[in-house]
Every structure is written in structure tokens, then in C-alpha cells.
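Going down the list, the sequences are from chains A, B, C and D. The first sequence begins at 1 in the working numbering and counts up one residue at a time. The second sequence begins at 1001 in the working numbering and counts up one residue at a time. The third sequence begins at 2001 in the working numbering and counts up one residue at a time. The fourth sequence begins at 3001 in the working numbering and counts up one residue at a time.
Hints listed in this document are in silico derivations from the structure and should not be mistaken for laboratory results. Small disclaimer: the values here were computed from a predicted structure and weren't measured. It is possible that part of the hints are untrue.
[To be verified] Within a straight-line C-alpha distance of at most 25 Å, the following computed DSS-like cross-link-like pairs (lysine-lysine) qualify:
#	chain 1	residue 1	chain 2	residue 2
1	C	K2509	C	K2055
2	A	K11	A	K41
3	C	K2423	D	K3040
4	A	K11	B	K1041
5	B	K1011	A	K41
6	B	K1041	A	K41
[As the list claims (entries may be wrong)] Over 10 Å on every C-beta distance to chain A, these chain D residues come out as not near it, computed from the model:
#	residue
7	R3033
8	V3035
9	L3044
10	G3059
11	T3127
12	G3177
13	T3180
14	T3199
15	R3224
Don't be surprised by glycine CBs; every beta carbon is placed ideally from N, CA and C.
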Amino acid sequence: MTRVEVFIQLKPGLLDPQGETLAHALESLGHEGVTELRVGKWITFRLDEPDRTAAEREVREMCERLLANPVIERFQYRLDGDGP
Amino acid sequence: MTRVEVFIQLKPGLLDPQGETLAHALESLGHEGVTELRVGKWITFRLDEPDRTAAEREVREMCERLLANPVIERFQYRLDGDGP
Amino acid sequence: MTTALAERPVTEGDVAAHGLTPSEYERIVELLGREPGLTELGVFSLMWSEHCGYKYSRARLAELPTEGPQVLQGPGENAGAVDVGDGLAVVFKMESHNHPSAVEPYQGAATGVGGILRDVFTMGARPIALLDSLRFGDLDDPHVRYLFRNVVRGVGDYGNCVGVPTVGGEVVFDDAYRGNPLVNAMCVGILRHEELTGASAGDPGNAVYVLGSATGRDGIHGASLLASTELGDDTVESRPTVQVGDPFTEKLLLEATLELIARDVVSGIQDMGAAGLTSSSSEMASRAGAGIEIDVTRVPRREPGMTAYEVLLSESQERMLISADAVNEPELMEVAARWDLPCTRVGRVTDDGVWRIVEGDSVVCEIPVRALTEEVPRYVREVDPPAYVAAVQAAMPDPAELAAIDPWAALETLLAAPTIASKRWVWEQYDHTVRASTVAAPGADAAIVRIRGTDRGLALVVDGNGRWVYCDPRRGGALAVAEAARNLAAVGARPLAITDCLNFGNPEKDGVYWQFVEAIRGIAEACHALDTPVVSGNVSFYNESSRGAIHPTPTIGMVGVVDLEHAILPGRGGPGDLVLLAGAEGTHLGASSLLREILGRTAGLPPEVDLQAERRLGDAVRELAGADLVRSAHDLSDGGLSVAAAELLFAHPAGIGLDLELPSGADPVKTLFGEDGARILLVVAPEREAVVTRRLSDHGLPVRIAGRLTGTPVFRVPGLGERPRPDLEALWEGTIPRIMQRTESSR
Amino acid sequence: MTGTPVPIGVVRFPGTNCDQDVFDAVGSVPGTRPVWLWHKDRDLAGVRAIVLAGGFAYGDYLRAGAIARFSPIMEEVIRFAEAGRPVLGICNGFQILTEAGLLPGALMRNDRLTFISRPQWLRIESTATPFTRHYRSGERVRFPVAHGEGNYIAEPEVLDRLEAEGRVVFRYVDAAGATTKESNPNGSARAIAGIADATGNILGLMPHPDRAMDALVGSDDGVRVFRGLLEAAA
Ligand SMILES: Nc1ncnc2c1ncn2[C@@H]1O[C@H](COP(=O)(O)OP(=O)(O)O)[C@@H](O)[C@H]1O
Ligand SMILES: [Mg+2]
């Protein structure tokens, strides 16, 4: 059982209306120091694929085909505890 | 400048229809080994607060007050590269 | 000051890369009296593109009737305006967002809705309704399902958030649209005559402001590259230019804009849509016969390091260009601040007729305004019908093949065809009740929204049949207008005017150009005959993919008025009521849904249009409605009498059934599935049958008793047998939800 | 009703889009005077009752109602509500009331994952609130629903307490009055469409009584909600 985390965000340069609105809200709550705020997705699951490389290949394919929208989003993933 | 990442997820036990639908979609694409899939939020920003403890206190407050809804969600955060 | 000429000289390669012909380039040099700079070249390539400059369509569009006593504002402004009495006017327009939706269906559809909303509220009108006209390939294709789901989500999320009800529309599925879906959105707004505002820069000396979102690199070259070229496999390349919509900011812009106009603070205001700052500023100046000067360094940016070129051509959404007397600046800023919208002074209106762009203290562009807006090259040519037409028209199946069709199997197949099946799956995702004014919701032949403060409503519909236009563009164009008018008649409404969205392939190809010319002829003829001038519209060319051009698809958005007390609403009446067929018997199967769905063929000629009959039918039904002689109605269209009767039945409570009678000796297939126009089914009380029949005859219309509503949920055709209503209804209601449960593919 | 009309506040947040519908609904009841309340203000202008209208305050970004809940006006609304004065939250207004902690639970994304817009049958489960006193207990009414995040959820104990204390005010049902999977538009726990606080003076519901004020647009079942609101305010 591999524990998988996928991180998805709008491509840089694309407008992130949610992020902009949230940043303003935080500011008006007194958190002035917040910049470059982006809101993305965090997807976690377990994958029944003991072989590390196979698991990695499969996760990448999931991201490209379904989890992320290649037109406007970019993704990262992490298997078990390893860094993104 | 502290780089902040906030991770928000529905509390365990709460039904996550979006997660279930995604899991089904993955399965029908041939990814049978996927279980316990949850869809959450990944919020990233920079915080202009050099002092580590102060930054951490501020981020925690943001999460508790606004970013997560304690009734249905739980959160984690990470400052700069440190583990969640 | 340094000038544009300081940029490196333009090469032949640059000219080609900007999609300009050598002769167009010569014309530019002539107009400028010098070689253009690179930025200027980019500006010309946009403003002279079909999308902004209408270089292929303008001359032909002139054939459309645009005048009438009811017209307050015809084509030329952001939207048209028509008088609806009580000092009120309805403002409306339809626009396409086809290529952006093909590239990114959710954002493409959402920003399409955003753009058409802005076109209406910049006129000073409050948007009160949206409609959408959609075309996709075959739903069995996983990618088509992906496009369909996300386009519908995009239309819904945007309109729902802004708070404008989406009250009607249409969806057609045909392989002809597989590589290139169509997403046309129509917005309808209302205002008092005196609030009608233009997008003119007004007097020289006015200050120019940008209101709304900051400018990013969104959609650079979107208008020219996406809308003025075919979608090829390299479409991937245009993907980084995807625009993301922000309906929340749009809602703030809407309120701020209407407040500014009500307070008379601005002299002109225009959406920064296709070609962004470039087209909005040059068009505003052009309308005022003035010049304009803008300093791009003052335009708020979302990203660092943007060039003047990028700022000029950016298509970032939710931005407005405003011209106002500088003395109003404090009030302008106050309103903007209250709605949390950035507002920045970026330039001024001048009297030299020059479109001047400066970056700090250097001049980037210096172009006569008219060169960008009036001197656009116009191409007119005479072309012959393409070869396919004769072939398709001749390809009718032989009578034996038609006679072999089993009517029940055919009806079941038609009801389950996604194009004919219920679109509930779509409109349940659209907020169609916000504003608490929706009298006839999606599901009716035309939507009705009440006009607040009056006892009348607006009746709204969009219609278009690309298959018919493909088989005979002229007839198909006229039939689209006729069907829209018939849909309004079926709710008791009187048509006022139309907007159109002309979706075609590449006009540089003779065959496509011919379709365009012929279709406009047909639309013009119908608009003359039905007295519905064209007050606004949009042309979308280059709807092609590696698989060729789409079916030529003009979609017609028609607006009418109805006296709410006498509106005909679906589902009224009950067992014992008669169903009358107003209009002739069906016989025509050419280019019909039957051939398409049962024989898999697009063949033959579409039915003939009898515009006088359509007009008489409309007059008669409105007269009957006014006298409360009709309980409910449904017009005949896709699938003919049998499908219309079934849909009429499904609008009634579950316990109701229907007996449908065929004239003795009639050919069942032709009678049940013929798609001849000028026909409406009327539900009337038995005791009214005589007077209704007489009144219809007085209008010179054939009429017969086509059946009756019964108290048992069965659909019966004496002589042919019967089917339980629930079985047929399950096919009609269940098809799209069932198909949409299957997996999808984003590629 | 005689005397000077009773002022009732309608709050406008950026992104509220049913404000005019609610303003008109309130104003249609003889004896009331609808009053706009602006999100940036801290002054309730002497209103005797407050309605939080539907829409997409702050675009519903992050979570529906999450950002609006921190507007200056909300501090006053919370004080007003805690003083036992009538507060009605419709759709987005209900979401804001839960985010503000004035009502328990939360509204999650519809289980169907899509926006749902349709006429909806509801059963009146409690007539003990001022807003529902003009209905019969168990009566069926029809209001439109139109939302993407109406899936009501709360801890089981909370749900039990709401039921026990008669604070479940509206429940989703079908035309026959039964609660079925199809009759529940969003997956709400126990088909809950609207709830009240312990005093009954704070009511939140997802369906739109403000869009059910005239048979011409499908239903006038909502009129009595606003009549009750006026009486509670008077
Ligand atoms: N995309 C859509 N959005 C909203 N309503 C739609 C859409 N597609 C179809 N409808 C509604 O479904 C009903 C049937 O549509 P259609 O079959 O095109 O009607 P007709 O054949 O009478 O023109 C109409 O009320 C129409 O408004
Ligand atoms: Mg119709």
C-alpha cells in the first residue's frame, strides 16, 4: 500500500480569482503580510502497487489523464513520505 | 518571507462524494488499486513574518478563523520546507 | 519622444506571421504614410481580423433588415435595443465562444457568458435572462461527453453566480460538430429609454479609465488566432492563453456600471473583450469621431514584465474602459471603491482622430482611428454552390426504405435521441428562477420572464438547425427564423426582433462562403416577412477541425412580448380536452430527424418555408390566446407530429394519456414524422372546438382534430397500437442522464 | 396592520444576488418597510428584523459564506440575533448563519456534485417559529431550490438534538409528502432543508420562499414566511 498525495494548482500566470479574493479577506482580517496566495487541490489516496517505479508511473498517468486539467493546471505528487 | 502551505480535508468519517466519484472514474480508467481517496484544498502563499514562531502562530490563527471550517474540516500546515 | 519606428523594421515574415496578406500590408503602409512598427502590425492584425473587423462578412450582413418602429438601437453598439412600451426597452445580443470552449470547455463557456453579460449591461440595461445554444459531436464519444458536461457547468456556474437566470436554450448533437463544438450565449436586459447608454468616447478632453480586474497575459491573440483560424492539432499551442472567468468580480462590475450610468457619471463605457484595450479604445474613439491617447504604463498589471504589446492585446476578463468628464472623477472613484473595484485613469480623448499609445514618454503606436475601424478591408465575391449540395439533396432514400420503417420503433428511437430527448439534465444545473420573475421556465416552447412593473412578459427563444442549413442554406436560414417565431407563438407571444449568431467554417473557402451568403439571404427574407428586424449579432467563422467544416449553423435569438394574463403555459388542460393540429398535414421527410436518427442519413431538401402561413399561424394563435380559447400548446419541430404529441403529453401530470389520430388513408410514416413548418398543436376544451376551428379557418389555416387527452397514462395511435406513457417518457427523460454516467476523456 | 410600517433589514454583501427578490418579498407584506443594510456598515438603522438574502457573497470562494461572515455588518447581526431578535437566512444567508455559528452544522457541496435548480416540495416540520406560525404542521409547500452547496450536515448528536427540540423546520419531500432519495436535492442529513436556533428566532433554509411569492411564477407558498417575519418584528 503506497500512500499518495497529489497537489494541483492553476498554472502560473493564470488568474486565480479564488486566491485573490481570499488574500483580500485575510488582509481585512489583519493578516497584511500575505502575498502570492493560490488555492489548489490536495488529493490523497492509497494505491495498491508495491513496486515504487510502477506506482509512480501510474500516479503520473492518473494526474495527466484525470486528476489535473493539463490545459490550465499543473500538478506535483508525493509517494509515501518523500518530498514533492 | 516564509513560504506557507495549508492542507485542508474533510474530517474522517464524513462522506466525500467528490472523492468517491473521482475514485470511480479512476477505476473505470483501469486504476483498480485506488482506495480511501479524498479531495481537499491546498493553499499556498508567502507570509512577510521573519520570526518563525510568530509566523506559525499567525498561520494557525488563519486556519482556525477562516481557512478551515472546524465543523467539517481539519487542517495541517507547513512553513517553508518542513514536514506536515 | 521616440516613436514606434524605433522598433526593429517589420519583415515579410512578420506580416505573414500576423495573418496579413501582402496587399493588406501595402494598404497599412498607405494609411500610415510609413512602415508600421511591430506593435502597430500586431494591432492591425487584430483589428483587421474577421473577428474584430468582419472583413468577409460586413458587406453581406448589410442585407439583413435592421429597422422598424420598435427598434431603438440597431447593430453597431454593444447590443441592440427594442421598445417594449411603458418607456421600457429590452436590450439583447448573442455571441459565440466556440474556440475557447473547444480548448477549455469550462472556462471557455463561462467567459462567453461573462462577455455577453457585459455587452448588455454596458448599454445601461440590467440583465434579466440568459439563453444558451450549444452544439456538440456524438455523445457516444467520451471527449464529447467531457466537453458537454464542462460547457454546461461553465455556463451555469457563471450565470448562477452573477444572479441572472438561464431560462432557455437548445442543444444539438451531431458528428458535424465533433472537432468544433458551438457555444453561443444570449443575454437579455431591460432599461428605461433614458438610461440607454452608448460606447462612445464622447468629447475630446474626456479622461479615460480602466475599471475592474488587472491586466494579465490572458488570451493574448485570443480573438485573432482562436477565432480567425481553424482549430488544428496545433490548437494545443493556443492553450496558454486560456482566460479564467471571475463571476464574482463580474457581479461587482455589473452593479458599479449600472450605478455609474444611473448617476450620469460616464459619457461612454465599453467592455474590454476581444482584442481588449486595442479594440475597445479604438472603437470608442471611432464612435465619437475623436482620437484617443493611452499610456500603457498606467494600466494595472497582474504580472511583471508585460510589454506594451501584451497590455494592448490582453483579453483579461472583467475589465471596462470608461470615458468620463474629469470633473466626475471623484464620484467615479467613489462608486468604484464602494464596489471594491480598482479604477485607474489611463489616458484621454483627443481631437486629432489618432489612436495614440504611449509607454511613459515614448510613442508605441500612432494610427488614425479610422484606419483601425473603418478602413478594414472588405472582401465580397460571387461563388457557385459547392458540389456536395446537389448530391445531398438528391440522396433521398427510396420509398420502399421509408415504408419499411416501423413507426413505434422510430418514435422510441427519436425520443431517445440526445438532440430530441429532454434537456432537464442541462437546465437543472442552471438557476432559472433567480429574480423571481420566470413565468415559463426551461421546458416550455419559449421562456417567459415578467417585465417588472407591467402586466406583460418577455418571451425568449433560441433556435437553429444546422442540418437544414447544410442541405439548403437559404431555406435553412429562413426556417430558423420561422421556428423561433413559431415557438413564441406557441406561448401566445408577439415577436419583436432577433439577434443572430452566425457559426460557419472558413469563409476563405468558396463552399463555406456560399453557405454564408445563402443563409443570410434566407434569414433576411424571413425577417422581412415576419417583421422581426436584426438588432444585434455576431459572426463566428473558421469553425473547422481536421475533420472539415461544421454544419453551417446560424442560431437565431428571438425576443417577443406576451400579455401575462393570456400567456399559453405548458401542461394545462386535462382528460377529454381535444388536441387540434393547426396547420397542414405532415408529408415532408427531406433532411428530417427521421432520416438522421433512424437511417443515419443527412439527405434531401429541408421542408419548404411558407412565411405567410407562419405569419398567419402566429396571428391566429395569439388571437386565440387573447380570447383564452387555448389551454396549452406545443409547436411541431424535430420529429414532427409524433414527437410533438409525445412532448405535449409529457408536460401534463403523470396520470394523463393521449390518443393521436391519423387522417384516414394517410401514410403513417410521413404523417407522424414529417417536419413541415407552420404547425402547432393546441389543447382546447371540447366545447371550444367549433369556435377555434372557425377562427383558424378565418386565417386561412387548415385544422383538424388530431387527438384528445385521456385519463389513462397511455400514448395510443388508433390503427397502429399503443405504448405506456411511462415507457416513452423514460426514454425521453432518461437518455442524457444515462449517457452522462459513462466515463469521459479530457482529450 | 396600522401605524408606521415596521423597518426590516435586507443585507447586501458583495455577490449577494437575491437581495432585490427579498427586498420585494418583504415589501409586499403590508405594514413593512424594507431597508437596505450594507456589508461595510455597522449601523442596523433601527431595523426590527434582518434577512440575509441568497446569492454568492464573495463568490462563495473558499466556502459558501466563509468570507461574508467576517463583514463588519455581521458583528451587529450576531449581536442582534443573540438579543433574540428575528433573523432569517435564505440559501447563501443560511450558509452565512452556519459559518457565523448562529446555527449549528454546515452546508457542504451537493452530493450530486452539481448545482440543482428545480421546484421543491417541502414539509413544514415545526410551526413553533415566528416564520412558520402561519403554516400547518405537516403541511406541504413548494419553494424553488437553486444551490450548489446545500448538503446540510452536523454531528449525529447535534442532529438528534435538533429533532428532539423541534428545530428541524423544513424537510425535503416529494409531491406525496414522502422523503425519498430523489426528493432530497442535495444529500442533506435527514433531508433537512431548514433549521432554527433554540429560541426559534433565527431561521436558516436553503429553499427560496422569496421566489414563491406569486402563483404566476409557480407558487405563492412563501408569502406566509414573510408575514410571520413582520409579526415577529412588530
Ligand atoms: N442548453 C439549454 N439551456 C437551457 N434550456 C434548454 C437548453 N436546451 C434545451 N433547453 C430547453 O428545453 C426545451 C426544449 O428545447 P428544444 O427541443 O430546443 O425546443 P424546441 O424544439 O421547441 O425549439 C426548451 O424549453 C429549451 O429552452
Ligand atoms: Mg418548440
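*Of the numbered hints stated previously, which ones are contradicted by the structure, given in increasing order?*
When the structure is compared with the hints, numbers 3 and 10 turn out to be violated.
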